[in-house]
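4 protein chains.
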Amino acid sequence: MKKIKMGMVGGGPNAFIGAIHRMAAQLDGQIELVCGVFSSSPQRSYEYGRTLGLKASRCYRHFNDLLEQESSLPKSQRMELLAIVTPNHLHFQMASEAIKHGFHVISDKPATISLAQALTLARQLACSDVLYALTYTYTGYPMVKEARYRVHAGELGTIRKIIVSYQQGWLSGKNAESTKQASWRLDPEQAGLSCCMGDIGVHAANLAEYISGQSITHVCADLNTAYEHRALDDDGTVLLKFGDEIKGVLLASQVATGEENNLSISVYGDKGSLKWQQQNPNSLTLRYADSSMRVIRSGVANESSLAVANTRLPAGHPEGYIEAFANLYRNFAAQIRARQLVQPPCDKALDVPGIKEGIRGMMFIDSVVRASGSSQKWHAVQGAQLHD
Amino acid sequence: MKKIKMGMVGGGPNAFIGAIHRMAAQLDGQIELVCGVFSSSPQRSYEYGRTLGLKASRCYRHFNDLLEQESSLPKSQRMELLAIVTPNHLHFQMASEAIKHGFHVISDKPATISLAQALTLARQLACSDVLYALTYTYTGYPMVKEARYRVHAGELGTIRKIIVSYQQGWLSGKNAESTKQASWRLDPEQAGLSCCMGDIGVHAANLAEYISGQSITHVCADLNTAYEHRALDDDGTVLLKFGDEIKGVLLASQVATGEENNLSISVYGDKGSLKWQQQNPNSLTLRYADSSMRVIRSGVANESSLAVANTRLPAGHPEGYIEAFANLYRNFAAQIRARQLVQPPCDKALDVPGIKEGIRGMMFIDSVVRASGSSQKWHAVQGAQLHD
Amino acid sequence: MKKIKMGMVGGGPNAFIGAIHRMAAQLDGQIELVCGVFSSSPQRSYEYGRTLGLKASRCYRHFNDLLEQESSLPKSQRMELLAIVTPNHLHFQMASEAIKHGFHVISDKPATISLAQALTLARQLACSDVLYALTYTYTGYPMVKEARYRVHAGELGTIRKIIVSYQQGWLSGKNAESTKQASWRLDPEQAGLSCCMGDIGVHAANLAEYISGQSITHVCADLNTAYEHRALDDDGTVLLKFGDEIKGVLLASQVATGEENNLSISVYGDKGSLKWQQQNPNSLTLRYADSSMRVIRSGVANESSLAVANTRLPAGHPEGYIEAFANLYRNFAAQIRARQLVQPPCDKALDVPGIKEGIRGMMFIDSVVRASGSSQKWHAVQGAQLHD
Amino acid sequence: MKKIKMGMVGGGPNAFIGAIHRMAAQLDGQIELVCGVFSSSPQRSYEYGRTLGLKASRCYRHFNDLLEQESSLPKSQRMELLAIVTPNHLHFQMASEAIKHGFHVISDKPATISLAQALTLARQLACSDVLYALTYTYTGYPMVKEARYRVHAGELGTIRKIIVSYQQGWLSGKNAESTKQASWRLDPEQAGLSCCMGDIGVHAANLAEYISGQSITHVCADLNTAYEHRALDDDGTVLLKFGDEIKGVLLASQVATGEENNLSISVYGDKGSLKWQQQNPNSLTLRYADSSMRVIRSGVANESSLAVANTRLPAGHPEGYIEAFANLYRNFAAQIRARQLVQPPCDKALDVPGIKEGIRGMMFIDSVVRASGSSQKWHAVQGAQLHD
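Chains as they are written, first to last, in our numbering: chain A, 19 to 406; chain B, 19 to 406; chain C, 19 to 406; chain D, 19 to 406.
One should not assume that every hint holds.
The list cannot tell twin chains apart, which means a pair is met if one copy fits it or any two copies do.
No farther apart than 27 Å at their CA atoms in a straight line, the calculated lysine-lysine pairs in the DSSO-like style are these [claimed, not checked]: (1) 259 <-> 127; (2) 192 <-> 20; (3) 289 <-> 192; (4) 23 <-> 366; (5) 20 <-> 366; (6) 198 <-> 21; (7) 23 <-> 73; (8) 192 <-> 259; (9) 23 <-> 93; (10) 118 <-> 21; (11) 198 <-> 289; (12) 374 <-> 118; (13) 127 <-> 374; (14) 73 <-> 20; (15) 20 <-> 93.
Source of the hints: derived by calculation from the structure; they are not laboratory data.
Sequences are here, hints too, so could you generate the full structure?
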């Protein structure tokens with residue numbers, strides 16, 4: 019079985035997310051990195067590609083070179099998949115160009131920096147044979163998949179309430195914006211409408227929709243800028259409605275001093291509830307009205323087949339973030355292989371976020387920013403009705 | 019040293035909170051129960067008093083009998099302190115009568131069922147020599163006191179964000195209201211304006227104000243009735259402002275299936291943050307921007323003297339809810355003894371919630387109910403400016 | 019219902035265990051302290067009794083005064099129960115005298131300082147109407163009772179292995195023995211054959227036998243004196259056999275720097291295992307070969323009736339060490355009342371450690387000290403065959 | 019920078035450890051798998067290699083083919099490093115042959131199945147230019163490295179006690195030995211002298227020696243066979259001496275029903291103690307005699323540079339077992355590169371277990387098996403004096 023050939027745009031020397039994409043892509047031996055453009059500086063791009071062990075001829079200096087030269091290679095050598103790991107404002111254009119050239123795309127989130135762009139991308143994809151994946155990483159954790167399975171199986175009864183929280187502390191302090199990452203994330207030109215909600219709030223919203231199988235329809239939002247000279251939010255809370263019956267709350271902060279990447283979600287139904295926390299990712303806690311608490315553990319009996327399929331190790335050998343990320347790549351690789359063989363992919367492989375989730379994310383960010391600026395309490399999520 | 023003589027109103031056979039007040043009052047050997055009215059049924063009141071080992075002559079059938087007959091006893095035998103543990107709607111009148119008769123009062127929360135009543139009670143107390151305590155129990159935990167101390171000492175820097183959450187599941191399910199406690203808590207006549215916010219939301223608000231030393235000035239509220247036939251809220255979320263600089267969120271639910279009494283608070287400042295959870299009450303976690311996490315443990319070196327004074331056991335022998343509750347009684351007993359000796363009480367003894375906290379609680383409930391019914395986002399906490 | 023009248027010997031100003039016995043005895047309103055001898059200094063004993071609110075006439079200066087004067091009081095006023103909370107070497111003589119005078123006895127552990135004394139006490143009790151309880155406190159925790167219940171119900175299958183560990187750090191450091199408690203615990207005259215095993219190892223052994231329902235039959239021991247000038251052990255490990263089929267390990271230390279009172283036990287059977295830890299006392303973890311983990315929580319559905327009967331609060335309001343201790347007193351009070359009414363006590367009340375457990379404790383200490391001094395590996399627990 | 023070319027022997031279709039070696043080797047893009055023999059069945063070996071994407075010419079059918087044909091390839095294509103992941107009894111011979119052919123070796127543990135073999139291998143290595151690594155995986159965790167650093171820096175003071183425990187449940191139940199892995203691990207011909215101690219006890223012993231920097235000098239052992247028809251131990255406890263001053267205990271079990279891979283270690287010194295647990299691998303707890311507890315977290319301020327160098331992700335994105343394993347490969351790759359450049363490797367790269375740790379492991383297994391069969395308590399670790 020040949021490895022799928024991947025190129026990368028972005029992810030140079032100090033971009034931690036690029037390294038993670040590379041590790042995630044290669045972990046399972048399904049994908050190999052063959053080319054890339056790693057920096058906006060042509061020289062740095064070339065040099066960095068060389069340190070990654072790429073052939074000199076495939077360490078490109080410009081994005082256009084990558085597309086054109088790869089397209090001209092014989093099919094057996096050519097890049098098949100492009101990973102986009104640049105700052106947000108470039109995602110749309112690069113994805114769009116890659117699709118035009120017939121390359122499959124896996125993009126860091128958010129898909130774009132506006133809802134209009136996301137809708138455009140969706141239309142483009144609908145008219146092409148190209149596959150598209152969006153790295154909402156947290157849906158790759160086996161216990162997140164287990165949570166989704168348990169909700170869908172009706173184990174919690176009718177869902178009533180969802181609480182999702184993502185707390186970070188890295189933007190706490192007046193001088194926190196001196197890092198390269200902080201500077202682009204707080205810059206509306208590069209990051210889009212929102213920093214905190216665009217970076218992590220949207221992950222939390224995706225997680226809530228993924229596990230519950232419900233769409234956020236209305237929001238009431240309070241975005242904050244703890245350090246007032248900043249151009250975008252670094253903290254916020256959003257009250258949620260998922261239709262008429264389910265209420266929720268989404269908390270996100272990048273100024274929660276001392277928090278690492280404290281993502282957690284609780285879903286409450288009539289019959290039971292569940293809780294998952296990234297800091298203890300291999301456990302899923304289930305509580306019931308009339309029975310004692312259960313803790314589902316990766317690799318232990320009683321898991322769903324979807325969770326099993328996304329677990330690599332025997333129970334008690336902890337798997338973490340890279341493994342969750344790699345599940346997205348591995349499942350997407352299976353989609354690509356099935357496409358190449360003109361056959362349907364297995365169920366497991368379908369469980370990768372795509373442009374639909376990208377659109378939902380942009381709707382969420384748009385609505386939240388609009389709601390936060392209003393003195394009215396509730397605001398419909400624009401276009402929520404589009405979501406099937 | 020003589021024990022302080024206590025009477026009790028409420029707290030009959032099936033009222034769990036009455037038994038807890040008695041355990042808390044007597045734990046430290048400072049207070050003895052000498053009389054009471056334990057039920058609205060005169061006969062049941064008498065009989066229950068007897069099972070508690072009280073003299074027959076002091077097992078009263080009516081509240082008025084209690085007040086009058088105790089008043090007529092010689093001072094050396096007479097009740098000195100009345101504990102009020104009835105449903106909410108009776109708190110005000112009973113406290114008011116007891117004060118008129120010169121008895122010190124310790125009341126279960128909320129102090130009253132309206133802000134007007136609470137203000138009346140405060141005026142009455144201001145013109146009397148009687149002491150008044152309100153059992154916001156959670157302020158009795160040593161690690162909650164430690165948290166307050168750390169914030170006041172500036173250890174977290176400027177406070178930016180407060181998240182407080184109180185999750186219970188006992189009202190989950192359509193049939194949950196069949197218990198005696200559920201029936202009065204969901205009845206506006208007995209419980210007041212709110213069930214969930216009045217019962218547990220107000221505890222969470224008090225905890226946030228106690229630890230942070232800040233007052234909630236504005237709220238945006240979404241109260242819910244998960245089971246629509248109920249007359250009062252059983253769930254809700256409140257966005258908070260503490261003045262212009264500090265944002266917060268208060269989450270409370272009684273339909274969070276499987277949650278026990280999951281009260282937790284996180285306070286974030288520029289320099290550090292803290293987290294406390296009732297389910298692990300003897301630990302206080304401190305996180306910093308630039309150093310590793312510390313866990314303060316009851317009884318271990320490095321605690322404040324206030325926490326030490328409210329701890330009974332060597333480290334690692336867990337103390338819990340009854341001990342926290344007993345700290346309120348013990349400290350209030352010290353206030354009463356000091357008043358009897360016409361001397362100032364020690365600092366520790368002053369750390370008991372009183373009518374000021376009772377007024378804050380009523381303001382909170384009032385504002386939240388009003389805000390929840392409005393389509394506007396933010397609402398000032400009525401009379402918040404009265405708070406010093 | 020009248021309270022049972024209790025006297026106390028020991029437990030003066032700086033003796034933390036005396037205060038705990040008083041809190042535990044009085045928590046449930048079943049027992050009242052009426053008299054005592056609180057210090058070996060007659061004057062200090064008198065004065066301390068007064069600060070506890072006792073009548074001057076019942077603040078005794080000598081143990082003999084207590085016995086004789088209480089015996090001469092009318093039955094309605096007389097002490098019924100004596101709590102012994104002195105250093106170890108006095109337990110035997112005081113219990114023996116109290117029994118002769120017809121007083122029920124509740125003694126801090128160990129029952130005596132030699133096996134011979136414990137056997138003598140057992141014979142004396144067998145010929146008297148007096149009841150005797152020994153405060154192996156940890157058996158009072160509801161989740162410990164639940165653990166015992168689950169093992170007896172066969173939920174774990176055939177038991178194969180038991181690991182019990184009690185780690186403290188208070189004797190770490192060369193100067194740790196300067197406290198009053200350290201000085202008598204490290205003195206063979208007052209503490210008996212062993213410090214660490216006599217103080218906490220014996221608790222761990224009792225816990226293992228209580229939960230498993232099995233007796234330790236053989237030991238291989240390594241007792242240590244981390245600080246060589248000490249006359250008794252401050253650390254040790256004991257390999258255990260419970261008959262031919264079950265192996266175990268008991269770890270105990272008082273020089274485990276930074277440990278608080280870290281008592282934990284794991285019991286492994288063919289079908290499942292359980293784990294309980296004092297630092298999280300309201301949870302009991304059950305693991306299975308072929309199913310996901312369950313966590314039994316005090317007050318949540320699915321508990322045994324014995325655990326329910328020993329729980330005071332709704333789930334999630336933590337109960338701790340004092341409540342566990344109070345369960346022993348409350349259950350013993352029920353035994354005493356039943357004896358007074360010449361009727362059998364309820365099952366729940368029978369669940370209090372007594373002289374049989376006292377004898378087992380002395381056998382354990384004896385055997386471990388002997389085994390530790392030997393170069394042979396295994397040693398029979400002396401008299402283990404006496405245990406039914 | 020070119021990737022190092024790796025071959026593999028063992029690790030076929032159902033051998034989970036082979037897949038882990040491949041993931042660990044490739045995670046950081048330093049090493050690529052180019053050839054291998056994956057099964058004792060020539061045909062299955064060939065086919066499996068093909069599914070891994072290897073060239074047909076390098077999917078070997080026999081180990082000798084691998085050695086000879088790779089040796090004959092031009093240097094730029096030739097395998098440089100051989101990973102040995104077969105059952106234990108083949109490790110020695112294969113490592114020895116590979117060394118003779120000039121290939122670097124990374125071997126799954128144990129190094130050999132006898133101490134004599136391990137000593138032979140060490141002598142062979144001493145006379146060659148080849149590098150050798152042994153995958154004691156747990157030393158790859160950043161917080162294990164942090165623990166070692168803290169002990170060496172004297173932060174705990176003089177070490178007094180070490181407790182290390184490794185609990186698994188996979189061999190619980192009479193039918194547990196039906197799996198392929200169970201059958202060879204319980205077979206003395208393939209596994210060597212011991213199952214439980216040889217498989218996991220030796221990991222625990224290595225962890226204790228690695229963190230403490232001390233050697234086990236004496237053991238007292240009790241190995242068990244919970245299911246009597248088994249030919250080797252499935253459980254055991256070992257009392258330890260590290261010289262005259264430090265005592266310890268090692269607990270290991272494969273019949274601890276419901277345990278996953280519960281590896282934990284506590285090290286106690288005069289001034290402080292530390293605890294690490296695989297189930298929460300990114301935290302290291304430090305406790306002190308006179309200060310509050312600290313929790314060091316991977317990626318948070320206050321770590322040693324060695325821990326930082328072995329961490330890939332920002333704090334709070336959990337890293338796990340594969341990442342720890344990959345640290346061994348990455349560091350060994352750096353050793354190999356340095357050797358190729360005839361320069362000294364960086365400090366970080368030296369932190370990989372090698373033949374010295376292999377010898378220590380064989381000494382441990384040998385001594386424990388001998389001690390367990392003896393009625394004497396203590397036994398010297400054979401050749402312990404050889405360890406520097």
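Please write out, lowest number first, the hints stated earlier that are contradicted by the structure. The structure conflicts with hints 2, 6, although it agrees with all the remaining ones.
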